[in-house]
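Going line by line, the protein sequences match chains A, B, C, D, E and F. Position one of the first sequence corresponds to residue 1 (the numbering used here), numbered consecutively onward. Position one of the second sequence corresponds to residue 387 (the numbering used here), numbered consecutively onward. Position one of the third sequence corresponds to residue 773 (the numbering used here), numbered consecutively onward. Position one of the fourth sequence corresponds to residue 1159 (the numbering used here), numbered consecutively onward. Position one of the fifth sequence corresponds to residue 1307 (the numbering used here), numbered consecutively onward. Position one of the sixth sequence corresponds to residue 1455 (the numbering used here), numbered consecutively onward.
Treat the hints with caution; some may be incorrect.
To give an idea of the interface, some chain E residues facing chain C are shown, with a C-beta separation under 7 Å as derived from the structure [stated by the list, open to error]:
#1 LEU1312
#2 ALA1314
#3 GLN1315
#4 LEU1316
#5 ALA1317
#6 ALA1320
#7 ILE1322
#8 LEU1325
#9 ALA1328
#10 VAL1336
#11 MET1342
#12 ILE1344
#13 LEU1349
#14 VAL1355
#15 ARG1361
#16 THR1363
With a Cα cut of at most 20 Å, we get these calculated DMTMM-like pairs of lysine to aspartate or glutamate [stated by the list, open to error]:
#17 B:LYS772 to C:GLU779
#18 B:LYS457 to C:ASP844
#19 B:LYS594 to B:GLU393
#20 B:LYS772 to D:GLU1163
#21 B:LYS459 to A:GLU293
#22 A:LYS73 to C:GLU841
#23 A:LYS71 to C:GLU976
#24 F:LYS1471 to F:GLU1459
#25 A:LYS71 to C:ASP844
#26 C:LYS1124 to C:GLU986
#27 B:LYS459 to C:ASP844
#28 C:LYS845 to B:GLU589
#29 B:LYS703 to B:GLU590
#30 A:LYS321 to A:GLU203
#31 B:LYS703 to B:GLU589
#32 B:LYS457 to C:GLU841
#33 A:LYS71 to B:GLU455
#34 C:LYS845 to B:ASP458
#35 A:LYS73 to C:GLU837
#36 C:LYS843 to B:GLU455
#37 F:LYS1471 to A:GLU293
#38 C:LYS843 to B:GLU451
#39 A:LYS71 to B:GLU590
#40 C:LYS843 to A:GLU7
To be clear, the hints were calculated from the coordinates, so they are not data collected in a lab. Small disclaimer: the values here were computed from a predicted structure and weren't measured. Ideal placement from N, C-alpha and C gives every residue a C-beta, glycine not left out.
Letter by letter, the chains look like this.
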Amino acid sequence: MLAALAEFIHSMGIFNLTLGHILMIGIACLLIYLAIVKGFEPLLLIPIAFGVLLTNLPLADMMAEPIIEIKDKVIHTVQPGGLMYYLFQGDHLGIFPPLIFLGVGAMTDFGPLIANPKSLLLGAAAQFGIFITFLAAIGSGLFTAQEAASIGIIGGADGPTAIFLSSRLAPHLLGSIAIAAYSYMAMVPIIQPPIMRLLTTKEERAIKMTQLREVSKKERILFPILVTIVVALIVPPATTLIGMLMIGNLFRECGVAGRLEDTAKNALINTITIFLGLSVGATATAENFLRVETLAILFLGVTAFAIGTAAGVLLAKLMNKVMGGGINPLIGSAGVSAVPMAARVSQVVGQKENPSNFLLMHAMGPNVAGVIGSAVAAGILLSLFK
Amino acid sequence: MLAALAEFIHSMGIFNLTLGHILMIGIACLLIYLAIVKGFEPLLLIPIAFGVLLTNLPLADMMAEPIIEIKDKVIHTVQPGGLMYYLFQGDHLGIFPPLIFLGVGAMTDFGPLIANPKSLLLGAAAQFGIFITFLAAIGSGLFTAQEAASIGIIGGADGPTAIFLSSRLAPHLLGSIAIAAYSYMAMVPIIQPPIMRLLTTKEERAIKMTQLREVSKKERILFPILVTIVVALIVPPATTLIGMLMIGNLFRECGVAGRLEDTAKNALINTITIFLGLSVGATATAENFLRVETLAILFLGVTAFAIGTAAGVLLAKLMNKVMGGGINPLIGSAGVSAVPMAARVSQVVGQKENPSNFLLMHAMGPNVAGVIGSAVAAGILLSLFK
Amino acid sequence: MLAALAEFIHSMGIFNLTLGHILMIGIACLLIYLAIVKGFEPLLLIPIAFGVLLTNLPLADMMAEPIIEIKDKVIHTVQPGGLMYYLFQGDHLGIFPPLIFLGVGAMTDFGPLIANPKSLLLGAAAQFGIFITFLAAIGSGLFTAQEAASIGIIGGADGPTAIFLSSRLAPHLLGSIAIAAYSYMAMVPIIQPPIMRLLTTKEERAIKMTQLREVSKKERILFPILVTIVVALIVPPATTLIGMLMIGNLFRECGVAGRLEDTAKNALINTITIFLGLSVGATATAENFLRVETLAILFLGVTAFAIGTAAGVLLAKLMNKVMGGGINPLIGSAGVSAVPMAARVSQVVGQKENPSNFLLMHAMGPNVAGVIGSAVAAGILLSLFK
Amino acid sequence: MGISELLAQLADPATIKTLSFADRMLAGLVVTFLGMGITFIALVILQIVITLLARFTAQPSRQPAPTSQPAPASQPAPAPQPAPAVRPVVDTPVATTDDDEIPAVISAVLAMYPTRATGDIVIRNIRKIDSTPAWGKAGIVDQMNSRF
Amino acid sequence: MGISELLAQLADPATIKTLSFADRMLAGLVVTFLGMGITFIALVILQIVITLLARFTAQPSRQPAPTSQPAPASQPAPAPQPAPAVRPVVDTPVATTDDDEIPAVISAVLAMYPTRATGDIVIRNIRKIDSTPAWGKAGIVDQMNSRF
Amino acid sequence: MGISELLAQLADPATIKTLSFADRMLAGLVVTFLGMGITFIALVILQIVITLLARFTAQPSRQPAPTSQPAPASQPAPAPQPAPAVRPVVDTPVATTDDDEIPAVISAVLAMYPTRATGDIVIRNIRKIDSTPAWGKAGIVDQMNSRF
Ligand code: NA
Ligand code: NA
Ligand code: NA
């Protein structure tokens, strides 16, 4: 009896708890705190943090692989895998990120971008953060090119793109990269303003922009179709992300698929968010996460954000000079994506200088352009390093 | 550097674009135009058309098969497949069409059919289109029996049934068949009226029908259970489609499963519609679609609709004569399904002749009977040719 | 021609109908009757009963296994399986029950338990039913330990837990166990009151309980995190169920994830309920169900409920004596779970004795504690017998 | 060659090419007769079953008028209105007499607004509580209420 | 034969048949004690943790009355009402004091309609905006507003 | 070693370790130029396409003001309001002029209630009928109405 009890006690989690587990549980609790109390991207950080928690509870084996057997052309699962293993297949096979993009497309108003196509340049400039960070990661000698590309994409400030790319290039870093990406996206209001003020003059920040023109329904409907075709013809590996973003947007704008738009941006994206968040978090086991590489990722990630911000602001400054004024450089920082936070930052920083300034809609252009830009950059990295 | 650039440029989609791709992209745009501007079944044609677009963008590889490896009784995905490949599994394995039927059942009011069970005869007659077209396709010498059966089912005027059958009998024709089926369903108001007028006299079209009796809740609840049992005992391969249609209807009518009814007819059916539409469209690659067989399918498909319409009208004429009047032959055409479009056509054509005529509810009987009839016909074809 | 017809007729379901099929179809109809007319857990019994119906329609082959072929590291499905086979994978692989718990967590208010942590003792006591029934099943000599454990868990009065455990330990009994579990959960108002009256005095039943204290938002948010950690550290195999229950509850209580809460407790849980119900019912084929073991399961199941009820009431009686009064023993019976039915039974039985007595909120504590208790017991059985 | 064998050859993609046009048409006709025959048989049996169903569930004197008079939500109204792009629809999953009146009240409130705007909206959210409150348990509440 | 070995034989479907009735019952009793023991230990530890939690999160003088007074939507009301088949439920995912009053207004509007109809509907659509506007970003809006 | 070969070695996890720091940086710079170059090319082409699109879809004298004046629901209002935790949002999937007025009516009704409560709710349920009534068929109703 005692032997049986002793055996049972040894199978308890608490007697298999390592320091690594405890640290990771602490990190999970910290992330939950940031998400709930500080409001850091709660819709994604709560599932991710809970996934971190679950995967670091010893012996729970939520990520266990199933054992199968093939007999007479039939596959039998001899021992089912863990729940997180099955949910993770959606990330691993590249299914969840494009479905999230479907919902994001159904929620996104590309009107400000259509009204001001120059925004696309700013959306491109902000991708400098991705590549400079890639260069730094390569230079550090710590990472392979695949890992460096996955780290650089944090600078895209776009969660699904980061998960899509790193699940294909460096799945073992997925947890750290996702946590870094969503944390920094939440910290955009802290990271960006100092850089924006540093690189602009008081006069530039006070520039008022003329109101955006009306965008017709026809333009709104043709836009997603054209973007899909153009991007796919130039960067084929970006087709999955851009295509799903754009079909979601077409549901929204076409006016005859309200049912599909509604489901894409509610039940479907919420379900996928829960699954993706939990399973991405579940990759952050102690042995994967508690490494010097994670610190490097966190440091490089924030660098990527900063460089992307600076590149956007500097190009906007240049455009303002070249095109004879009328462009407030503050809207350039919105090109890093992090929709709509980065655009709101442009608005708030601009309004501090000139209370009658309304930059929000102008900043939404580079902001959504940044989403397209990051997906394009991810496609280029995929075609180079897959 | 230039060599690297040249290499990259060769991996661009635009340098791999063939005439076939361009034609298919044009067809996709045409379908989107028909769906949005002309209102042709937008909820399905938009996803299908976008699937056609995505699959014909060169090198995007949205339909790529995954490469796996089995080691130590564990399956590893070495290289993930394309998103459309994974979504397509839902069609290929026969999962999506019955789930769509679940939602359709939750939306369908079988009351008019229960009140007037004679409608079932008209729902049966309209399936002539399926079999005559099968005969024509066999006669043409272009198709195998499996392909001919899949083409004939277009005449069932029921998208999920057509997809279910052709995914099992002729998966390579799935794209063309789905596009034909949904396009013609949308064109019912153009295809049917001339045939209806040709086969009926002015007096017949003016016949007024007596109001349908009340249908009790008990009948409504027992109906789906009985239909499932009866159909399954006669045509077992139709059980999947009919069973799911009927459990959906039972959710609707039982009065104690409102939650399930709600999800079946909203979030679930919408999600499946997006997945099914995109992946069915993605089978229409240039090499699959740009063939003489596709033209034959389009021609035979419209023939099937026409014959089904004629058969329904003629049987209704006969019933009117045999049963001593009171049956307006115009309701016969509604037997082809295409719910509720075909019933509305009966209503509109009838009301032109006699403005005080309200055939809609009478036509809804054959209309929903046509759904059952097509599923039965599909079951028979499955049992003959699988 | 006649030969072909004869062959076809032999492939009809009706000519392959056995007595077993007819009996099972009768049972399915009985369950539908109980669900719709008598209101027995309709949201689960209707899908389960329809699954029983579908699986017992001869030759419909809704549970057929797919035939696959692996060539060049690619898996091809040569012949697709039945719809129920695919849906059943969600049960078989242990995916659906935790997702149902996710939704249940998003619906559950643990406030009464947090306000009165002593409830947890009652939630533990009620699990006696599980283990005593396990003992009886072992003693009967009819069952293996795995089967006995799966039968005992019926006494947990918690459908997803019962399905989760028996899908891992005794998949062939899944249908009978699920049917027994949900039927008895529906019959709690019939099973419990006599036992409750037998074991309590009139004075005890009339005891009034003081109002529960307020529970702060902070407590509500920390509760799911702490429960997950504590339970997982003691019984790791319970982590999947408890973890998903608690993340669902965290969505509910955190106040910043309303979107996820909404989807978890509506679209997602409803979808999974339909899939789980149909596929669990589909395991109840005539040959699996029409056995003496099923009768034993039904008998042992109701015993488990009765013992759990009694154990809860008796511990509550003891606690009332030891702690100096103020605890109405009637709330002990709610520890079997069957949320919120068992708590309502406590309320109604208590109010009969003393019309000014409001036990509902006090009984909700043991009630939700019973859910945790059953999941813990299931985890222990899993670690002993997997 | 017997009909069964002919059908087997028709069903085999490898042998269908070897059949003559006449054989193919004969086999196809058999399929057509068989198919339409079974379809008719199945639906006629259904017709009989449903007719019997009506007889067995007949209610002597329940006044059923109001139950189904309001057209079910999912069907377009039959009357040819002057080309209204959209019309109000009330999606009441479990329609009962009372339910049908609630939207009328809401519509009346909305109708305080002058233009055709009210004709354009859909009230989709009035729902019976049936299965709402506690998941999976609501159906039995009545049972309990009536038992105790 | 030791207890551990006995348990192992019980757990193996191949050997359980070889056990005598007494051995099976002994093993079963061990499982029962072990099972109930661990269940109690787990829930008692939870009880202690939750009790401590209450102590550590105690708030000195915040008046908490209105926060939780309205019964959460998903619980049936405790009062034995005269067998109402269905009752109005207001599903407000993020319930606050103010939210609970909004349905009252709507109900009042609806109550202009005479019969018991109002007792039959559920207002399910009043929702806080919390996470609605821009997906995944709303939570931080307050943070920003307070920062700048 | 040519650039192509260098890139190939960079892309292979097995050989990247053999590259010198200078080679790695050179290869990385090539990737950066290539990557930013293609990104700019892609987005500049998009810019041209969208600019042309605007030209081709230009409408002579349609007064477009009301169509897009009301800010789409999913965008936060630009005005810096006094830190409102939540604001009313009207989720009208297919926004048209008329739709935007309906919520105003409902809001007006709700505003009969005094406190700031109305500022806290979201009317999420006013929807166009577009695809509601019969699944997958609604889009064509207009077409029919105009044809007959
Ligand atoms: Na970006
Ligand atoms: Na049909
Ligand atoms: Na329990």
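Assess, step by step, whether the Cα of LYS1124 of chain C is no farther than 20 Å from the Cα of GLU986 of chain C, and give holds or violated.
27 Å, violated
How about LEU1316 of chain E: closest beta carbon in chain C under 7 Å, or not?
5 Å, holds
Any CB of chain C closer than 7 Å to the CB of THR1363 of chain E?
At about 4 Å, which falls below the 7 Å cut-off, the nearest Cβ of chain C leaves the hint on THR1363 of chain E intact, so it holds.
With a cut-off of 7 Å, does the beta carbon of ALA1317 of chain E approach a beta carbon of chain C closely enough for the hint to hold?
Cβ of ALA1317 of chain E sits 5 Å from chain C, so the hint holds.
Does LYS73 of chain A pair with GLU841 of chain C here, judged by a C-alpha cut-off of 20 Å?
6 Å, holds
Once the shortest beta carbon distance from VAL1355 of chain E to chain C is found, is it less than 7 Å?
5 Å, holds
Checking hints one by one. Is ALA1314 of chain E an interface residue toward chain C, by the C-beta closer than 7 Å rule?
At about 10 Å, which exceeds the 7 Å cut-off, the nearest Cβ of chain C leaves the hint on ALA1314 of chain E violated.
Mind checking the alpha carbons of LYS1471 of chain F and GLU1459 of chain F for me, to see if they're no more than 20 Å apart?
Holds. LYS1471 of chain F to GLU1459 of chain F sits at ~15 Å (cutoff 20 Å).
Interface restraint verdict for LEU1349 of chain E against chain C (beta-carbon cut-off 7 Å)
For LEU1349 of chain E, the interface hint holds, since the closest Cβ of chain C sits about 4 Å away, which is under 7 Å.
Are the Cα positions of LYS772 of chain B and GLU779 of chain C separated by 20 Å at most?
Distance of about 15 Å is within 20 Å: holds.
Measure nothing beyond the straight line between the CA atoms of LYS703 of chain B and GLU590 of chain B; if it is 20 Å or shorter, mark the hint as holding.
Holds, at about 8 Å.
Is LYS73 of chain A within 20 Å of GLU837 of chain C, Cα to Cα?
Between LYS73 of chain A and GLU837 of chain C the Cα gap is close to 10 Å, so the pair holds against 20 Å.
The structure shown violates the earlier hints numbered 1, 2, 3, 6, 8, 9, 10, 15, 19, 21, 23, 26, 28, 39 and 40.
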